[in-house]
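Enquirer: As you go down the protein sequences, you meet chains A and B in turn. All residue numbers for the first sequence refer to our numbering, where the first residue is 4 and numbers rise by one. All residue numbers for the second sequence refer to our numbering, where the first residue is 5 and numbers rise by one.
Everything labelled a hint here was simulated from the structure, so no lab data went into it. Using N, Cα and C, we set each Cβ at its ideal position, and we do this for glycine too. Take these hints with a grain of salt, some might be off.
A short, non-exhaustive set of chain A residues, derived as facing chain B with CB atoms under 7 Å [claimed, not checked]:
#: 1; residue: I486
#: 2; residue: R603
#: 3; residue: A604
The primary structure of each chain is shown beneath.
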Amino acid sequence: MTHRPHRPSRLIPTLATLVACGLSFSAQAQSMRDVETVAKDRGLTPADLVAAAKTYVPSGQHDEYLMFASGGHAGQVFVVGLPSMRLLRSIAVFTPESWQGWGFGVGNEILEEGFPSGKSNLWGDTHHPALSETAGDYDGQFLFINDKINARVAVIDLRDWETKQIIKNPLTLSDHGGTFVTPNTEYVIEGGQYAVPWGSDYAPISEYKEKYKGSVTLWKFDRKRGRIDPDQSFAIELPPYWQDLSDAGKLASDGYFFMNSLNTELATGGIQDKKPPFEAGASRNATDFLHIIDWKKAEQVYKAGKVEQIKGFPVITLQTALDEGLLHVTPEPRSPHGVDVAPKGDFIVVSGKLDPHVTIYSMDKIKKAIADKDFSGNDEFGVPILDFDSVVEARIEVGLGPLHTQFGPDGYAYTSLYLDSAVARWTMGGSYGSMSPEPDWTLVHKTPVHYNVGHIAAAEGDTVSPDGKYLVSLNKWAVDRFIQTGPLLPQNLQLVDISEDGTTMPVLYDMAMGVGEPHYAQIVKADKLNSWATYPEVGWDPHVQNINPMAPKKGMERVQRNSDGTVDIYMTAIRSHFNPEHIYLKQGDKVRWHITNTERALDATHGFAVPVYNITASLEPGESVTIEFEADTAGTFPFYCSEFCSALHLEMMGYLMVEPK
Amino acid sequence: MSPSIIERIVGPRVGPEETARHSLRYGTPGFLLLTARVLLLVSLFLPYWHMELQAPQYPDGLHMTAHLNSLSGDVAEIDGLNHYIGMRSLYEAAELERDIGVFLMILFVVLLEFAAYIHSRWAVLLVLPVVFFPVVFLVDLHLWMRHFGLNLDPHAPLSNAVKPFVPTALGKGGIGQFVTIATPGVGLMLATAASLVLIIALFFHRRAYLPLVKAQRASAA
Numbered sequence: 004m005t006h007r008p009h010r011p012s013r014l015i016p017t018l019a020t021l022v023a024c025g026l027s028f029s030a031q032a033q034s035m036r037d038v039e040t041v042a043k044d045r046g047l048t049p050a051d052l053v054a055a056a057k058t059y060v061p062s063g064q065h066d067e068y069l070m071f072a073s074g075g076h077a078g079q080v081f082v083v084g085l086p087s088m089r090l091l092r093s094i095a096v097f098t099p100e101s102w103q104g105w106g107f108g109v110g111n112e113i114l115e116e117g118f119p120s121g122k123s124n125l126w127g128d129t130h131h132p133a134l135s136e137t138a139g140d141y142d143g144q145f146l147f148i149n150d151k152i153n154a155r156v157a158v159i160d161l162r163d164w165e166t167k168q169i170i171k172n173p174l175t176l177s178d179h180g181g182t183f184v185t186p187n188t189e190y191v192i193e194g195g196q197y198a199v200p201w202g203s204d205y206a207p208i209s210e211y212k213e214k215y216k217g218s219v220t221l222w223k224f225d226r227k228r229g230r231i232d233p234d235q236s237f238a239i240e241l242p243p244y245w246q247d248l249s250d251a252g253k254l255a256s257d258g259y260f261f262m263n264s265l266n267t268e269l270a271t272g273g274i275q276d277k278k279p280p281f282e283a284g285a286s287r288n289a290t291d292f293l294h295i296i297d298w299k300k301a302e303q304v305y306k307a308g309k310v311e312q313i314k315g316f317p318v319i320t321l322q323t324a325l326d327e328g329l330l331h332v333t334p335e336p337r338s339p340h341g342v343d344v345a346p347k348g349d350f351i352v353v354s355g356k357l358d359p360h361v362t363i364y365s366m367d368k369i370k371k372a373i374a375d376k377d378f379s380g381n382d383e384f385g386v387p388i389l390d391f392d393s394v395v396e397a398r399i400e401v402g403l404g405p406l407h408t409q410f411g412p413d414g415y416a417y418t419s420l421y422l423d424s425a426v427a428r429w430t431m432g433g434s435y436g437s438m439s440p441e442p443d444w445t446l447v448h449k450t451p452v453h454y455n456v457g458h459i460a461a462a463e464g465d466t467v468s469p470d471g472k473y474l475v476s477l478n479k480w481a482v483d484r485f486i487q488t489g490p491l492l493p494q495n496l497q498l499v500d501i502s503e504d505g506t507t508m509p510v511l512y513d514m515a516m517g518v519g520e521p522h523y524a525q526i527v528k529a530d531k532l533n534s535w536a537t538y539p540e541v542g543w544d545p546h547v548q549n550i551n552p553m554a555p556k557k558g559m560e561r562v563q564r565n566s567d568g569t570v571d572i573y574m575t576a577i578r579s580h581f582n583p584e585h586i587y588l589k590q591g592d593k594v595r596w597h598i599t600n601t602e603r604a605l606d607a608t609h610g611f612a613v614p615v616y617n618i619t620a621s622l623e624p625g626e627s628v629t630i631e632f633e634a635d636t637a638g639t640f641p642f643y644c645s646e647f648c649s650a651l652h653l654e655m656m657g658y659l660m661v662e663p664k
Numbered sequence: 005m006s007p008s009i010i011e012r013i014v015g016p017r018v019g020p021e022e023t024a025r026h027s028l029r030y031g032t033p034g035f036l037l038l039t040a041r042v043l044l045l046v047s048l049f050l051p052y053w054h055m056e057l058q059a060p061q062y063p064d065g066l067h068m069t070a071h072l073n074s075l076s077g078d079v080a081e082i083d084g085l086n087h088y089i090g091m092r093s094l095y096e097a098a099e100l101e102r103d104i105g106v107f108l109m110i111l112f113v114v115l116l117e118f119a120a121y122i123h124s125r126w127a128v129l130l131v132l133p134v135v136f137f138p139v140v141f142l143v144d145l146h147l148w149m150r151h152f153g154l155n156l157d158p159h160a161p162l163s164n165a166v167k168p169f170v171p172t173a174l175g176k177g178g179i180g181q182f183v184t185i186a187t188p189g190v191g192l193m194l195a196t197a198a199s200l201v202l203i204i205a206l207f208f209h210r211r212a213y214l215p216l217v218k219a220q221r222a223s224a225a
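Isolated chain B (complex conformation) (with noise of 0.2 Å):
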């Protein structure tokens, strides 16, 4: 009898006796899946970005940062001197996301607990979402920071001193007397460490259940 679809997605179940036979083998992706679901939730409470700005007025400089869900530190400061050039407030940039940030992460945690109990290929969807999300939140970025410098207001005070620009979302960049610094923070650097364990994690799924899937595949035959 040939497995359903159900069965077909879940993919082989590997019995208890067989498990503690071969615990690290069965045992290692299951543990970097909980790895990568640790590191999500504790990037979810530290910084994913930051962005000093280094100008001679400023001494101590003027610091923002980015968490999944808020804005902190000089962004009224920040705004105040933005709108000498026309420059929309930070607060309205990536409202959607930063709304939807925490639920994001809790779903990606969800998919991959879930990931951590299908023994089939189907897994790898589940677990690339959360692969490319720092690539994602990184782009999304870039692309905010150049949808705000290339929209600047015509009439703002000093529109014919500074034209249009794409300000960077990662290194030095430059506007006027300020330097700018943009880096990412601990809670981005722990996602992609979650990224490249999934990565990892996705390897020895795929050693572990692959000669089970291929057996289940051939006693069907």
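For reference, chain A alone in the conformation it holds in the complex (with noise of 0.2 Å):
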């Protein structure tokens, strides 16, 4: 059953708002009368009408959501706007992309940081985005994404939307459980996910239990650098266990985070020897591990030096972890997705796949129990388990498949079924009680989503001050929604209301999703962000983020042949041309090609492209960058710019001539 509201009370001051949108636009007089012809020939519902009247933003108006999607297997970032739902922007972090210039001449010493054993690696999986926050909730600075294929996090900065930083995990190759930061951006947490041998060393799998190594690296952000700082960054080792999904702790949790696992029965796989597969290995148990972190006190060990040097990089062993108390478990539901903070810090809500039930943890009975050492016992590498009846609060039967929860600022909690294909809404209790107006931890609603849905995300859904209003479902499979694509399909992503009350939760929109797999997302108000419009002077570097005082000028253009053979070309563009036009080089010749964009209006970004030697770049009003090369290849070669840049953008271009040896 989809539902739909049909509530005509409702309806008409929406289809007024309709009619009065046209006739702002129109000199042509519309009415009621027009809505509902239109209706009736293209078979729409007063739903339908709703659904649109509260999505559709006219030409020239904004959006009051930004929404920034990871882009899977994509690499890179996508933003989207709601209620409007239109991809704004996608953002290059760990795959080059052509339109950004991202790899092709610019930013190639950003992805060459992040290559995994100095071997290139050009593409990236990015799964879960973190905008950073102040007291817990977002500040629109910047964004924080990993990869999950080569264990690799990304800094945005969200003032030029452009990846400042990607960094490699010296100690795990695959990174699931990133990124989510501590509430004032103190850490980036990057839990690892498959087990490895430190830094993927060899290891025949037999020597699992002993050589393979989980861990979680806390990464220290620099604010103001707008960097990760590795010389300040530390590891904690963990049991081989799969670590997956992270959260922060917040408020009544500050100071912790948690972390799911999905391996705790140390399953080895091996389907080719008749062997338990890992998909069964790996779900024998009936319950996995959550972690419980005390990151504060973890920093104080590390800052104490009680660390351990693996590949270059200091490591609270497990042993001192369990020495200090850093590190507790707790039993969860088996094979277990998003591990999410409640708004106050104080419930930690964890959802297992093949368990119907979303699992509450209080985190005054964890601290109750930490303190009293309420124990059921060890685990097999002596990691105290907290007594699971102990600290569990409520248990909900939402449905199958429950993988991940958001939350509303009306005591409401929200979790994505991703078998039964819906998006439940619930009751908290405690403190969030009196907000709702159902009985505390009771299921109230299944919206059915379209299909297979993973993660979701709300408006501001996992900060301590949660918007509501509208949730976004990041459905897995689109079937039938969309018209054929040939066999590869579109991503669905459905922007869900919620901003009524009770079991009214209607679909609003389907966005075709077709350039990448998203799996979470983060929805920030659009004016948190304090955006560029255009590069705040002449001569930027986006890379340092302030002027290049070598950078090209108008009227410094020149080529400049330096006495160790190397060439500096000092170029600018603006509408309509390059300056210099013409550029001589010799076969051979290491050239570094300086270029600044010296608009400032509004939009008038220059390409600069040029042939053969695979060079392509985004010019912003104001950037400057620099491109490095050796003139290998001899000939006539016509750059040009790439971007429709104004009416004589045709003409804007040049020839370099690499004279032959």
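Grab the two chains, each in its own frame, and use the hints to assemble them into the complex.
Expert: Written out as structure tokens, the structure reads:
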């Protein structure tokens, strides 16, 4: 059943809005009759019209929210406006992207920073974006994103929406449990996932228990520099349980973070030898372990030097973690996905995909159990296990395949149900209990979504102050929702209206995401960002976010042959010419090509594209970049502006002439 | 004894008792001259002229503002666009005028200061340059626009498409897809108001001092 509210009382003012909008943009008077005619012709129900009116953002008006979504194995971040569900931007991160000129002469050094084992890796598997936070709320300054395939973390500056840093984890090779930030972005949490020997060195899987390691890395974020500082970062060794998603505590749970795990069975697979495959072995036990880690205490342990240098990186060993009381676990429903901390930090919600319940843990009870040493035993690595019944607050049967939970401002929580293909709304208890009309800890409603929902994202729904209003269901399968696009189908991102109480929770819009597979997304109020419209000054180097004193300036354009044989080209770009337009090089010259876009007008971006040499750059107004290459191929190469900048855009070109040896 | 040239230029003096008795008659010209000085000094800090360019791709328009000594706003962008039709950079226009604008205004204030002490027809000579200043400003602006508009670089990208033209110094004009709207700034309005005040001041000046000059002449004769 698709939930659709048929409530004419609400419909009429909304239709009136539609009509009013029509009037303001059209000289021809339109009436309700026209709306009815269109609806009849197109077979639209009143609910459809309401959904359209709630999501339509007329030309020139702006969306209220921005959703930063991971791009999955596209290796990018995608930014979508809400409620219009329009794709506004992609942000190139781990994968070269030619429109943004990322990785074709510009950004190469950042991509190279992240090459694992020095090998060229030009894609990523982005999963969980994390907006920087201040006091547990999004501050709109930075975005972090993990790369699951090679255990890397990237930093994006939200002033210019460009990737500034890619950092490779020296210990592990997959990091599904990233990125999550502590309440003031002190640290970016990156949990290792599939256990590997330290640094991914060789060891046969028969030595799994001894040699394979679990870990979590706390990357120190230097907000002033806008970079992760690896020299102040550290990791904690964990049992090889395939640590998974994580979330930082806040308010009542400030100082802790929580991580799920998948493979507490220590399964090693081996289907080819008729052993249980991972899918069976790793889900044999009824429960896995929720990890409870005291990061503030861990920071003190790290600062006290109680670490081991492993692969050149400081690691608090599992033994130290146990000795210092940094790590506790408690049983959690098996095969868990989300571990999500409630807005006040007092409850932690876990859902295991093979258990129809969400399990809610109480932070008060966890703290008490830790203090009282209320353990039901130790795991085989000696980690104390908090007694399940002592720390659980509630369990609610929500449906099949519960995956991930978000929160509203009104005492409701939302959990995605992968197998049911639905989003469940349920009430919280404790101090949230009085906020919703329904009894505490009960399932209120399920809205079907299409289909196989993974994560969900509610507006600011993982912060200390959720906004409610909108929820996006990030569905893995689209099946029949869109016109056939060949055998590869887009993802379906469905906008759900959560602004009303109770069982009213309609789907408003289906957005086809045909450029990547978002896993998690965060939705931030658009006015929290202070993005630059153009770079602050001409000659700006986005890599250091400052003026480059060596940037080419108007009137100083030149080709400079240095005494060491290298060549510096100082070029400016403005509508509709490059200066200089003739570049003579000799085959074998080592070239540094500096270009400044001297424009100040909004949107006056120029491209810079050189054939054969595999160069393309996007120069936004004010930006200055340097592209280094060796002129190893002789010939005549027309370079040009690849961004349609002006009426004489096609004439914005020049010739690179490389004289043979 | 007939008065010296200096005395004749300075004009008849009025004693304190007489001034007090006819405070309105003798006070008005001085007050109006002071008002004009204040208006001119304030105008120094205010824009004299605005130009707005409207085009589809600039929803907020492009704006340029001229103060007596500076050009500001989207001048670089307008210059960038003007290069297509071969117009020189606006920064090259009226450089001398912008250099001396402030000093000229100070000179005007000093002239009016003197004018307040001179009770003869010579005061007119000091006041008139100030009275005509707004007109001179606009004529100068027009001449610069004309000079720039008629002397386009024949090698510019659009020189075949755009013929030389005279941009409008005040009011609505057009070039290519742009509509241009030139309007006087508050500074220019204050200067114009100062001119009007000065004309009125001259009237009251004449009413106050002409009888005294005549009486002086009669007594000399």
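Enquirer: Compare the structure with each hint and give your call.
Expert: Consistency of the hints with the structure:
The beta carbon of I486 of chain A is not positioned within 7 Å of any beta carbon in chain B (closest approach about 33 Å), and the interface hint is therefore violated. The criterion of a C-beta within 7 Å of any C-beta in chain B is met by R603 of chain A, whose closest approach is roughly 6 Å, and the hint holds. Because the beta carbon of A604 of chain A sits about 5 Å from the nearest beta carbon in chain B, less than 7 Å, this interface hint is met.
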